[in-house]
Every structure is written in structure tokens, then in C-alpha cells.
Amino acid sequence: MKAFAALYAALDATTKTNAKIDAMVAYFAAAAPADAAWALFFLTGQRIKRLVGSSTLRAWALEATDLPPWLMDESYAAVGDSAETVALLLDAVPTTLASLELGLAAWLETRILPLRDLTEPERQAAVLGWWRGLDREQRFVLNKLLTGALRVGVSRGLVVRAIARLADLDPAVVGHRLMGPWRPTPAAWQQLLEGDDGAADASRPYPFFLASPLEAAPASLGPRDRWLAEWKWDGVRGQLVKRQGAVHLWSRGEELVTERFPEIERAGLALPDGTVLDGEILAWNDAGVMPFAALQTRIGRLKLSAKSLREAPVRFLAYDLLEEAGQDVRGVAQGERRRRLEALVATAPPALGVSPLVEAADWPALAALRLQARHHGVEGLMLKRRDAAYRAGRRRGDWWKWKLDPLSVDAVLIYAQAGSGRRANLFTDYTFALWDDGRLVPFAKAYSGLDDKEIAELDRWIRRHVVERFGPVRQVAPVQVFELAFEGIQVSARHKSGIAVRFPRIARWRRDKPASEADSLASIKRLLSARA
Amino acid sequence: MRDRRAVLELTPEGLFCPAGGFHVDPWRPVPRAVVTHGHSDHARFGHGHYHGAAIGEGILRRRLGADLPFTGHGYGAPFALGDAKVSLHPAGHVLGSAQVRIEVEGEVWVVAGDYKREADPSCAPFELVPCDGFVTEATFGLPIYRWDPGARVIDDLVAWWEANAQSGRTSLVFCYALGKAQRLLAELGQRNGRAVFLHGALVSMVEAYREAGVALTPTAAVSDQPKSERFRGELVLAPPSAMATTWMRRFTAPATAFVSGWMRVRGQRRRRGYDRGFVLSDHVDWPDLIRTVDETGARRVICAHGQTDTVARYLREAKGLDAVAIQSLRDGAGDDG
Ligand SMILES: [Zn+2]
Ligand SMILES: [Zn+2]
Chain B
17 MKAFAALYAA
27 LDATTKTNAK
37 IDAMVAYFAA
47 AAPADAAWAL
57 FFLTGQRIKR
67 LVGSSTLRAW
77 ALEATDLPPW
87 LMDESYAAVG
97 DSAETVALLL
107 DAVPTTLASL
117 ELGLAAWLET
127 RILPLRDLTE
137 PERQAAVLGW
147 WRGLDREQRF
157 VLNKLLTGAL
167 RVGVSRGLVV
177 RAIARLADLD
187 PAVVGHRLMG
197 PWRPTPAAWQ
207 QLLEGDDGAA
217 DASRPYPFFL
227 ASPLEAAPAS
237 LGPRDRWLAE
247 WKWDGVRGQL
257 VKRQGAVHLW
267 SRGEELVTER
277 FPEIERAGLA
287 LPDGTVLDGE
297 ILAWNDAGVM
307 PFAALQTRIG
317 RLKLSAKSLR
327 EAPVRFLAYD
337 LLEEAGQDVR
347 GVAQGERRRR
357 LEALVATAPP
367 ALGVSPLVEA
377 ADWPALAALR
387 LQARHHGVEG
397 LMLKRRDAAY
407 RAGRRRGDWW
417 KWKLDPLSVD
427 AVLIYAQAGS
437 GRRANLFTDY
447 TFALWDDGRL
457 VPFAKAYSGL
467 DDKEIAELDR
477 WIRRHVVERF
487 GPVRQVAPVQ
497 VFELAFEGIQ
507 VSARHKSGIA
517 VRFPRIARWR
527 RDKPASEADS
537 LASIKRLLSA
547 RA
Chain W
73 MRDRRAVLEL
83 TPEGLFCPAG
93 GFHVDPWRPV
103 PRAVVTHGHS
113 DHARFGHGHY
123 HGAAIGEGIL
133 RRRLGADLPF
143 TGHGYGAPFA
153 LGDAKVSLHP
163 AGHVLGSAQV
173 RIEVEGEVWV
183 VAGDYKREAD
193 PSCAPFELVP
203 CDGFVTEATF
213 GLPIYRWDPG
223 ARVIDDLVAW
233 WEANAQSGRT
243 SLVFCYALGK
253 AQRLLAELGQ
263 RNGRAVFLHG
273 ALVSMVEAYR
283 EAGVALTPTA
293 AVSDQPKSER
303 FRGELVLAPP
313 SAMATTWMRR
323 FTAPATAFVS
333 GWMRVRGQRR
343 RRGYDRGFVL
353 SDHVDWPDLI
363 RTVDETGARR
373 VICAHGQTDT
383 VARYLREAKG
393 LDAVAIQSLR
403 DGAGDDG
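Chains as they are written, first to last, in my numbering: chain B, 17 to 548; chain W, 73 to 409.
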């Protein structure tokens with residue numbers, strides 16, 4: 017626990033990526049596999065269920081410290097976080113030095129998780145005892161674990177790099193092995209470092225290769241015939257895995273969504289074993305692709321009604337082949353992968369198709385076609401270099417997205433404030449941020465665009481994810497991504513971001529996107545120069 | 073029941089002693105001021121005459137002018153102002169910081185100014201002065217504020233510096249220009265004695281300490297170094313106002329830290345954007361504040377700045393004292409931490 021608390025503090029203390037990686041490598045190198053597995057569980061953003069509410073935690077601390085309740089309230093108001101307030105106040109209670117150092121895994125498996133089966137007084141007695149045996153740093157982490165709110169300030173990419181360095185592996189390999197939910201067991205940790213026996217996880221997808229926005233003129237990419245062009249679909253990116261007679265459909269958020277799309281699962285069964293396709297999940301009826309809103313009716317719910325199945329049928333449009341006959345073919349050239357993909361999917365049922373190539377002799381002709389994207393219900397074009405390998409993560413140079421409508425961005429919700437009037441008790445005023453050099457910079461406020469159900473859901477989420485309070489404003493964990501649409505953009509010295517947008521509104525809730533994939537300030541500033 | 077005037081009363085200019093005809097740390101110009109120490113929210117411009125601790129004279133003159141009408145007093149040496157018997161006693165806050173003991177007709181009040189109980193090699197240690205009435209600060213008047221031993225914080229800071237030095241990085245330490253900077257220099261002088269580089273804004277106050285005979289580690293101004301100097305492995309002290317300014321460009325990928333009691337709270341650490349926060353303060357923490365009030369034996373307490381309402385309420389309810397909070401105009405005036 018001590019080592020993990022120190023790791024938490026080290027990651028919390030610095031904004032520098034190298035320092036974060038160093039801290040993780042040092043921790044993992046020294047940690048027992050069981051502890052490392054749990055640490056990785058938390059570092060990759062997974063959480064255990066809340067076992068103690070924050071007001072209960074404060075009430076217990078009151079008993080331990082003998083402070084008047086109002087003083088606890090004032091302390092909490094100054095700190096803004098129950099776990100931390102309690103950790104700080106308990107400095108007043110002498111620790112029992114003799115307490116045995118227990119690893120993170122033992123803490124979780126023999127102490128924290130078993131709290132579930134205890135009565136409230138038993139839980140209290142246990143926690144009060146633990147507090148006396150821990151220093152402040154550890155108490156803080158323990159409190160965060162108890163309240164189910166442990167969040168570590170580190171991106172998945174950094175975790176992957178740290179483990180890659182530790183195990184001397186290619187980050188792409190680590191990224192692949194880490195796909196899907198992480199089970200915090202020593203065996204899983206061992207497999208992560210040493211590779212698995214093949215049969216370990218037939219469902220495991222590959223890390224997605226992500227395109228970068230094209231900012232330069234397409235002619236700068238060289239001859240047109242070196243590039244494949246496809247429509248950029250407005251659906252949910254997915255990976256279709258067919259192995260050992262079963263189909264697994266993964267979303268970009270590394271969520272297994274097979275059950276939500278039974279049409280695709282059925283169609284996928286027609287594929288040979290050992291096939292992995294990258295593509296887009298789209299709502300698609302007889303008239304062709306349907307707006308994203310239709311697909312959304314299929315994402316939001318777990319139970320599929322006959323009605324939603326009928327009204328929003330789905331289709332998987334593949335555009336890449338990652339595994340063929342059980343072989344990883346990501347290193348094969350794009351053009352060749354495409355040829356094999358077409359052959360493979362040619363005989364598949366209609367719910368499984370291939371995203372067609374957009375044919376145009378030269379760049380100007382392609383640009384003209386791009387302007388018709390709206391008519392096709394797509395967002396623009398994708399350009400893929402014919403000789404490119406399928407890489408992991410966002411790497412510039414091989415895949416470009418050439419979007420049509422520049423006046424929309426994916427931004428991260430960072431602040432929320434209660435509305436007024438009818439919505440006085442709901443957080444409905446949102447501030448959104450874009451990435452700038454690894455930091456989120458606030459760039460626009462928006463009040464509308466969500467329906468009442470979404471507002472209520474987001475409100476609940478906000479209340480559970482407050483990071484800090486500034487008067488009526490709540491800073492929330494940077495997790496939720498929203499597509500913001502706006503009418504115009506201009507330079508503004510008044511705004512921290514340096515830009516001001518006109519009539520920003522929420523176009524949709526991008527539940528499929530992690531915050532790390534939101535747009536950057538630089539990309540929106542380029543819109544500015546492109547339009548000037 | 074008292075039927076005479078109070079020893080201290082609150083006027084628009086600040087705390088006033090009617091019997092002595094003087095103010096303590098007034099925030100508006102008055103004819104006669106006793107100032108507890110050189111921080112700008114306590115020692116202001118424009119008074120007719122200043123009284124203070126003799127050892128702090130250099131600081132006051134640098135801050136308020138070389139021709140300041142000032143009378144210096146040795147610690148513990150009584151002097152008369154009107155009908156009041158006054159003496160100054162070390163407050164342990166910064167060099168020259170003084171508690172003002174005021175005795176009128178046998179009733180004793182102490183205005184502590186800012187103070188701390190922890191050892192500080194750059195100034196005289198706090199002296200406990202028994203009194204009937206005590207005027208205390210309450211900058212960190214919440215039980216969340218509880219300092220780790222200063223020696224341990226300095227250990228951490230030295231270790232951090234050494235780790236940075238090993239990777240060839242500059243350690244950029246931000247702290248307040250008067251008090252914290254010199255405390256660090258004195259502490260470091262007792263540790264490794266290595267030279268420390270200074271931002272220009274710190275140079276003058278460091279000189280004032282040396283003139284007063286305080287032993288500090290050797291220093292040199294950043295601005296005196298050749299353009300080619302990269303300060304690799306060195307420690308540089310700077311005021312917080314220099315953070316994120318063009319001055320920082322002199323250093324390649326420096327590691328930054330802020331040394332302040334405020335660094336105790338995570339939100340404060342994160343909001344300010346330093347790589348590290350070292351929790352070291354020149355003010356009393358909560359337990360020392362309550363202990364000090366206890367030890368003075370005072371039955372009446374005035375909480376003068378910071379978390380005044382909180383501390384006054386606690387002293388009333390938990391200690392049964394006659395404690396009040398006064399609204400001080402000095403709050404938010406950029407005091408140190
Ligand atoms: Zn001060
Ligand atoms: Zn002060």
C-alpha cells in the first residue's frame with residue numbers, strides 16, 4: 017500500500033509525461049505481480065464499487081478526531097474532497113507504528129472488498145483501525161478506494177509506454193494485450209509481460225489505428241494514386257473479431273457491444289475463424305445509411321426492443337483486415353489488406369459489407385466529391401496510404417480524415433454549474449475544453465442540445481465526479497466528450513483559449529469517445545486560418 | 073465590569089491603543105504606528121512615525137524608504153508611548169517580527185502579528201508572553217492545516233534538488249521574497265552549504281538579512297551570470313510572480329516547486345501548476361495556534377486575519393474564551409503563506 021500511495025502521489029505531483037512514466041516503471045519493477053495487477057487496474061481507469069459514502073466517511077473521522085461537526089464542515093468546504101479532508105484531519109490522531117505493511121492486492125482482497133459482507137458498525141471499526149496504521153498519503157488513497165473514487169492522473173498511452181519499457185516490449189504489443197477489461201490477477205500480469213498461450217482470450221481485439229485531421233492541401237500528400245479514399249462514416253468505430261466459432265464486437269471505447277448488435281453478430285458468424293475486421297457500426301435501412309441519432313437508439317439501452325431493432329437496423333461496414341486465418345496481418349500494406357478484405361467479405365450476409373472506395377482521378381476531382389459528402393450522409397473522406405501498415409493509436413502520416421464540416425469539434429466537459437429556473441437543481445451549464453499541449457483549455461460554454469433524459473443522466477454523473485468546487489462551479493473529471501457545433505469562429509484576446517465561437521451547442525454526447533481523443537485547440541485554430 | 077476605556081479598540085485605521093495614542097499595523101496612514109514586521113500588509117506607507125524591532129530596521133527601510141521615520145527597539149526592552157508601557161518580543165515569523173506587548177493600568181494585551189512556533193534559523197524564536205488579551209492571526213485557522221516537522225520538509229526539498237541535479241535539471245523553487253526565501257537559505261546553509269541562485273526580486277531582502285548578521289548559504293544573482301550559464305543541477309529561488317513568465321526561459325526544462333503552507337491542500341497544489349509543493353509555512357498551524365492561545369493564559373482573544381470566524385468560534389465553544397473576529401482590511405492583500 018505504501019508503494020502504491022507513493023506512486024499515486026508521484027503521478028499526482030507532476031504534469032510531465034516522462035516523470036509519470038519513470039514513476040510507473042519504478043513502481044512496477046518493484047511490485048509483486050498481484051500488487052502490480054491491481055495497480056494497473058486503477059491506472060487504466062477501472063474502479064471498484066463504492067463501499068463507504070463520503071458523508072459516512074466524514075462522520076467516522078469526526079469520531080476519531082473529536083472535532084465539532086461544524087469544523088469538519090468548514091474543513092471539507094475548504095478542501096472540497098471528503099477523502100482528502102479526512103486524510104488531513106486524521107494527522108491529529110497518532111498512528112500505531114507497529115502496523116504491518118500490506119501490499120495493495122492484500123489490502124483489496126483481504127480488507128477492502130470484504131467490507132461488503134460486514135455490518136455498518138463492523139465496517140466503521142475496521143476503517144478506524146486502518147486509519148491508525150497508515151500515514152497521510154496512504155490514508156488518502158485508502159479513502160479514495162473506499163469511496164470508489166480513486167482516479168489516477170495518467171493516460172492509457174502512458175501506462176502502455178511504461179509497461180512496454182518495463183518488459184522491453186513494443187508499445188503496440190502491450191496495447192494489444194491490454195485491450196478489453198483488465199482482470200487484476202497475478203496471472204494476467206504475468207501474461208501481459210510474457211505473452212499468453214494463445215487460447216487465453218479469443219475475444220481480444222487489436223488497438224485501433226486512428227486517423228489525424230488533414231490540415232494541409234491534399235496535393236501535399238503526393239500523387240493521388242498512392243492513396244485510397246473512402247467515405248468517413250458517422251457511426252461507431254468497431255472491431256469485429258471472429259475466433260473459435262464466436263463473434264465479438266468491440267467499440268472504440270474497448271467495450272464489448274456484441275449483444276447490442278445481434279444482426280452484426282449473426283453476419284459475422286459467416287466469416288472464417290481467425291478473422292478480425294476494423295470498420296464502422298452504422299444504422300442502415302433500405303434507403304441506406306441513417307443519421308447517427310438512429311444508431312444512438314441502439315447504443316443507449318441494454319435491452320433491445322423489437323421496435324428499435326426494426327426501426328434502426330444496423331450494419332457493419334468493414335474497411336480494414338487486421339487478422340486473417342489467425343495471422344496478424346497489420347504489417348501487410350493497406351492496398352493488399354483491402355484486396356483481401358474485399359475477397360473475404362464478398363460472400364457475407366448484407367449486415368456485413370465493405371466500405372466502398374471513392375474513385376476520383378485526381379485531387380481536384382476528389383475534392384469535388386468530398387463536397388457531396390452531406391448527400392451521402394457521411395462526414396467527409398478518409399485518405400489511407402496504399403503502402404501503410406496498420407499501426408496502433410494516432411500516428412500522423414498514413415491515415416488522414418478530411419472532414420467536410422469543420423464547424424464542429426469534440427470537446428471535453430470540465431466544469432458544470434446549476435442552471436436557473438426550471439433547472440435550478442440540475443447541472444445544465446457546461447464548460448468544454450480542448451487539448452493544448454497535454455492540457456485541457458476551456459474554450460466554450462454551452463447550455464443546450466441535450467434532451468431531458470440526457471440532462472438528468474449527465475447531472476447524476478457530474479455529482480459523482482466532482483473534482484473540485486469553485487463557488488457554484490464544479491470541476492468534474494475530464495471524461496465525458498461532446499460534439500459541439502457552432503456557427504462561427506474568431507480570434508479573441510478575452511478568452512483563455514484565444515478563440516471565441518458563435519452559438520456553440522451540443523450536437524451530441526460522444527459516449528464512444530475517450531477524453532484523450534477529443535480535438536485540440538490547434539486543430540480548431542487551423543480552422544480559423546483556413547477560413548480567414 | 074470595566075468602567076474605563078479598552079486597552080485596544082478597532083478604528084477605521086486598524087487596532088488603536090487610546091492610552092498610548094498609537095496604532096498597531098494600521099492599514100491607513102496614522103501619526104504613530106507600531107509595526108509587527110515588514111510584510112507589506114502589516115507595514116504600510118505613510119505613517120507619521122514607525123516603531124518596530126531594531127533588528128528588522130534594514131527590512132523596513134528597504135521596503136518603505138531609507139529615510140523612514142523609525143525608532144527601533146530591542147526585544148524585551150520596555151518603552152513608554154503615552155500612558156502605555158510597550159515592549160516587543162520575538163514572534164518567530166520572519167526577521168524582525170515582533171509581538172507587541174501593551175500594558176495599561178496593569179492590564180496586558182499582546183498583539184502577535186504573524187507568528188510561528190517552529191524553529192527557524194533566520195529569526196529569533198517565538199517568545200511566549202503571558203497576557204490578559206491576545207490578538208492572534210488565523211491565516212491557517214482550520215484543523216486541516218497541521219505542519220510536518222520543518223526539518224523533514226527541508227530533507228525532502230534537498231532530496232528533490234539532488235534528484236533533479238542527477239538528471240541535469242535546474243530546481244526552480246518559488247517562495248515569498250521576505251521570510252521564506254531567507255529561511256530556506258539559512259536552512260540550506262546548515263545542510264549542504266551549496267550556493268543558490270536568486271531571482272533579482274529576492275536580492276535586496278537577502279542582503280538585509282546578511283546585514284543583520286543572519287548566516288545564509290552563499291548566493292548569486294541569476295542576472296549576474298553569463299548568458300551561456302544553463303544552471304544545470306543548480307537551485308534557483310524566485311518569487312511566485314516569476315512563475316510562467318519569460319524569465320523562466322533562462323532554464324531548460326526546470327523542475328518547479330512552491331514552498332508554502334497552502335501546498336498542504338491538493339487542489340491548491342494542482343491549481344498552481346508547480347511540479348512539487350513543499351508544505352512549509354511561517355505561520356502557526358491549527359494545533360500551534362490553539363496551543364499558543366492556551367499558553368498565554370488570555371481570557372480575551374481577537375482573531376485578526378485569515379480564518380478569523382472559525383478560530384473565534386472554536387475558542388468560544390471549545391475553550392470558553394471571550395473570542396471575537398475582527399474584519400481586517402488586510403485580508404487578501406497578498407500575505408505570505
Ligand atoms: Zn507576515
Ligand atoms: Zn500577515
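Hints in this document: simulated from the structure, not taken from any laboratory.
All of these numbers come straight from a predicted model, not from anything done at the bench.
For every residue, glycine included, the Cβ atom is placed at its ideal position computed from N, Cα and C.
One or more of the hints may lead you astray.
Across the chosen pairs, the derived CB separations fall in these ranges [stated by the list, open to error]:
no., chain 1, residue 1, chain 2, residue 2, range
1, W, PRO84, B, ARG63, 51 to 61 Å
2, B, PRO130, W, ARG224, 53 to 63 Å
3, W, MET315, B, HIS391, 44 to 54 Å
4, B, ARG63, W, ALA325, 39 to 49 Å
5, B, GLY164, W, ALA325, 34 to 44 Å
6, W, THR324, B, LYS512, 42 to 52 Å
7, W, SER295, B, LEU131, 50 to 60 Å
8, W, ARG224, B, GLN62, 47 to 57 Å
9, B, ASP89, W, SER313, 54 to 64 Å
10, W, GLU81, B, THR33, 35 to 45 Å
11, W, SER295, B, ASP403, 49 to 59 Å
Margin query: Looking only at beta-carbon atoms, does the pair PRO130(B), ARG224(W) fall within the given range of 53 to 63 Å?
Written below: At 35 Å between Cβs, range violated.
Check: Using the C-beta atoms of THR324(W) and LYS512(B), is the stated range 42 to 52 Å upheld?
Finding: Given a distance of about 26 Å, which is not inside 42 to 52 Å, the answer is violated.
Next item on the list: State, for the Cβ atoms of PRO84(W) and ARG63(B), whether the hinted interval 51 to 61 Å holds or is violated.
Entry: 55 Å, holds
Next item on the list: Using the Cβ atoms, figure out if SER295(W) sits within 50 to 60 Å of LEU131(B).
Entry: 58 Å, holds
Next item on the list: With 49 to 59 Å as the target window, see if SER295(W) and ASP403(B) comply at their CB atoms.
Entry: 55 Å, holds
Next item on the list: Look at the Cβ atoms of GLU81(W) and THR33(B) and judge whether their distance stays inside 35 to 45 Å.
Entry: With Cβ atoms ~58 Å apart, the hint is violated.
Margin query: Please check whether ASP89(B) and SER313(W) have a Cβ separation lying inside 54 to 64 Å.
Written below: 34 Å, violated
Next item on the list: Check the following: the C-beta atoms of ARG224(W) and GLN62(B) are separated by a distance inside 47 to 57 Å.
Entry: Given range 47 to 57 Å: violated, Cβ gap about 35 Å.
Next item on the list: Take the C-beta atom of GLY164(B) and the C-beta atom of ALA325(W), compute their distance, and say whether it sits inside 34 to 44 Å.
Entry: 37 Å, holds
Note to self: Assuming the hint says 39 to 49 Å, is it satisfied by the Cβ distance from ARG63(B) to ALA325(W) or not?
What the structure shows: 34 Å, violated
Margin query: I want to verify a distance hint. Is the separation of the beta carbons of MET315(W) and HIS391(B) within 44 to 54 Å?
Written below: 53 Å, holds
In terms of the numbered hints stated before, the structure departs from hints 2, 4, 6, 8, 9 and 10, listed from lowest to highest.
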